[in-house]
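K.L.:
One-letter residues, chain by chain:
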Amino acid sequence: MSVRNRIAFYYTIATAFLIAIVFAIIYIMVERIVYKQFDQEIKKEIAEILSDSNVSTHDFKGFASLQNVDIDGGNSDNDNDSDSDNDSKKKKMINVDTEFIQLVNSTGQVINKSTSLSWCVLAFNPNQSGTSFFNSNFGGTMVRQAQVPLVNKKGITEGYLIVALPLKNAMIVLRDLEDIFFFSFPVIILTLFILTRLIAGKSIRPIEKVIATAEKITQTNLEHRIPLPDHHDELYRLSATMNGLFDRMQDAFQREKQFTANASHELKTPLAVVKGTLEVLVRKPREREHYETRIQFCLKELNRMAKLIDQLLMLARHESNKINPQIETVRLSPYIERVIERMQLSANAKNISIAVVHTENARIAVDPGMLDMIFENILSNAIKYSPAGSTIAVDINRNADAIVCSISDQGIGIPEEKLHAIFERFYRVDESRNTDTGGFGLGLSIVKKLADLQHIKVSVTSETNRGTTFSLTFPAGETNG
Amino acid sequence: MRLLIIEDEPGIAGFLKDGLEEEYFAIDLAYDGKTGLDMALINEYDLLIVDWMIPAISGIEVCRQVRKAGSTVPIIFLTAKDTIEDVVFGLDAGANDYIKKPFEFEELLARIRVQLRNKERSDDSLTAGSLSINPVTHQVFCGSTEITLTPKEFALLEYLVRNKDRVCTRSRIIEHVWDIHFDSDTSVIDVYITFLRRKLEAAECGNIIQTIRGVGYIVREPVIS
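If you read the sequences in order, they're chains Z and H. First residue of the first sequence? That's 447 in this note's numbering, and the numbers climb one at a time after it. First residue of the second sequence? That's 72 in this note's numbering, and the numbers climb one at a time after it.
Treat the hints with care, since some could be wrong.
[Unchecked claim] In the DSS-like style, the derived pairs of lysine-lysine whose C-alpha atoms are separated by at most 25 Å in a straight line are:
| no. | chain 1 | residue 1 | chain 2 | residue 2 |
| --- | --- | --- | --- | --- |
| 1 | H | LYS171 | Z | LYS703 |
| 2 | H | LYS171 | Z | LYS746 |
| 3 | Z | LYS721 | H | LYS171 |
| 4 | Z | LYS714 | H | LYS88 |
| 5 | H | LYS88 | Z | LYS746 |
| 6 | Z | LYS721 | H | LYS88 |
| 7 | H | LYS139 | Z | LYS730 |
The hints are simulated quantities; they were obtained by calculation from the structure and are not laboratory data.
Chain Z extracted, bound-state conformation (with noise of 0.2 Å):
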């Protein structure tokens, strides 16, 4: 079911429930107050007869005093009465409808009946033992009728004075009423589906252009935009919300895209040159010196290469996340010391020193592996861009409820505007992709996964020509130790 037949369908079910329940509580009440005025005229009626007699339904004393009571209706015969305020009652009455009234003793026989009723009988209730009203139906005429018990002093019933008036013009209203609800629900209902449908149709007809600009967005075709509608209702956030999500797509393609095209460039390269060193040394016989130093430089190449494979396999196990980190709580200080350690040879050679500044008897909770990587690729980073006999600082601080590891170096710096994009594989400040310095660009990018790995936040700030300042802020593991 499409959406659109689906909104007219839900809607039309609930309205037609809705409906029916107001026709309902409609026609319920205008029954209530039918009946409420039939009521009330019996009432009246009852009452007339009961003062009339001098009857009380608390005092009842006997049919003998009903005896008198003309309980027949103005324009009845008047044939079994022969009472001397007859005339009277005639008057009295002359204005009521034809109304039925019937005596019936506590067991419910009848004692007195008025005329109208000829042959019948009217319906009698002995279960109820005050006074009542309801329907019921004689000869095929539905009534409306009361029954009124007549007790004696004693508090006994002996009887019962029954009243009925018929219901004929309102049951007449009732059908009519019932008659229109039961025709005009169905139309209104199919009415209403039909509305809902156009309607929905065309308040989701934006939607189908988003559909159709959306189908026309393929990975290749990234450019396309949904156009934005005028108002600033939902499909104005949907769509927005859609573009939004292309252009991150994009942007991600992009990345990839830049990313593959570096990768491939960064692997080609030393191919290239070993490839064609090769090629071109043996095109001619050629002296063992010769050889000796192009196939030194050829394996010099090749050791580039397979630290790049290194390098790059391992942000691919890190990126699809296969590799979980072993979390250890383990002592930071004697960590770094062991990094500087092993880097001080490459230190040395630039004259460079590496100095703790300050340390912190800090336990904290990381992967030790990974941690070792982080600061080999950081510390080589300050080395390969520090100047000779330059000062490699290393500082870790506590903070109000972190540890705080910064490695400072007096190198070239980072431009200001480079330093968001230091953490992008592949990215070098120096776009010539400088061989001299030996790196891929993916040192940092590799410190940064790592250090998301075990939640290790990672912060630089950098001035061109002053130096460079790595931040890593662990977890708050346990103190002191």
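Could you slot chain H onto chain Z? The hints should help.
P.N.:
Chain H only, in chain Z's frame:
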């Protein structure tokens, strides 16, 4: 033939220079786009080999600038970029050919020869009278007799025959046969011309190299009489 290689990767530049010099080309190297572009605009090269991703000015931009300066020198792009869009983009920027890294050195040589081929002729052989030069095998024949030449002698003769019936000035000969590091003492040309003439005469090819006094040299198709 004098070639300019603009390539920032010293490894690639190194073996290209090695290999191409063995093929009697005079090679100049530039490690970045700016230097390369300056050299390409100042000197006269027979062919440029340009890497796409180079510092300072990209290979594409070098190519555009060279074309903008009105030069028709053949340009071969050399790059690791390998998508079709990249190829098309490179060729549209004015490159004559495109070779992807890693490439076969022999293929590069063949492509260089295609670009150096005289437009009117489709084959690679160069002739003047009974003299014929094969630039692929570096052989020189006078009729059916092979003449053995040193690389410089070969390069000089090839340049003169390629520019047959046109005067080659001494400075142009220096520019095209010797590389940029050569100290511009043009008297070396006369020495090599003397060697060449001697070898050609020995093979009975006649004196096809003529001296234009004070200007340079010319190879003329002998008039059959």
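K.L.:
Decide, hint by hint, whether the structure agrees.
P.N.:
Okay, the hints, checked on the actual structure:
A distance of roughly 18 Å separates the Cα atoms of LYS171/H and LYS703/Z; the hinted pair therefore holds under the 25 Å criterion. Distance check on the hinted pair: LYS171/H and LYS746/Z sit about 22 Å apart at the alpha-carbon level, within 25 Å; holds. The hinted pair formed by LYS721/Z and LYS171/H meets the criterion: a straight-line CA distance of about 13 Å does not exceed 25 Å. Only pairs whose Cα atoms come within 25 Å are accepted, and LYS714/Z paired with LYS88/H is accepted, the gap being roughly 19 Å.
This hinted pair checks out: LYS88/H and LYS746/Z have alpha carbons roughly 19 Å apart, not beyond 25 Å. The straight-line distance between the Cα atoms of LYS721/Z and LYS88/H is roughly 14 Å, inside the 25 Å bound, and the hint therefore holds. Straight-line distance between C-alpha atoms of LYS139/H and LYS730/Z comes to about 40 Å, which puts the hinted pair past the 25 Å bound.
When each numbered hint is compared with the structure, a violation occurs for hint 7 only.
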